Amino acid sequence: MIGKDMRVLDIVTLVPQAADVMAAWGLHCSGCSVGGLESLEEGCKAHGYGDEDVQLLLEDIEEARHTAPARPATIIVTAEAARAIRQIGEQEGKLPGDSAGLSVIVDGDGGFCMEFRDRPEEGDKIFINVEEPDVRVFASLLTLGRIGGATIDFREERFKLDLPEDACCDSSETCGCSNKEK
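No gaps in the numbering here: position 133 of the sequence shown is 133 in this note's numbering, and each next residue is one more.
No lab work stands behind these hints, which were simulated from the structure alone.
All of these numbers come straight from a predicted model, not from anything done at the bench.
Heads up, the beta-carbon is just placed ideally off N, CA and C, and yes, glycines get one too.
Everything hinted at is true.
Distance ranges between label pairs, derived from CB positions:
#1 L141 - G97: 18 to 26 Å
#2 A46 - D118: 32 to 40 Å
#3 V130 - G97: 17 to 25 Å
#4 I88 - A23: 34 to 42 Å
#5 R119 - E59: 32 to 40 Å
#6 D53 - V130: 47 to 55 Å
#7 C113 - A46: 23 to 31 Å
#8 T67 - Q91: 40 to 48 Å
Kindly generate the complete structure, drawing on both the sequences and the hints.
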């Protein structure tokens, strides 16, 4: 459930369509530097919207959320990625550890980054590769709302996040994904 006290960035991370809904309301909070800091209610109030307007906007965002396809709460970690994570973690002195792992997080721009953590955050899901079971990848439900079903791979000397094709948009004008020819 999306709430008025949630940060705008978190709402857009969880419901990417919320940016379009807010823009239709004349709010461009998702592109604003303050959008990562302020709640939806604070952003609305700063632009002169009242409590009833905030509630109607929340309803519109919820409607957009329910019309979006659900993302699976999983991440696939390839053996190559797990080995690369181990190598980097050992070089940085972050691995091995009883509960240490790599956390996939949403950055301030709505992109993704990975950082080593001593333990998962509360509520994080843990993913492993069966060939390298002691290498752990953590992801929050918020992150999984954006990249659930993705594969983390390591190829061409870099990490790749491969989203399932059904996660791509259907817009032939604004998207360079594999679904462009639909």
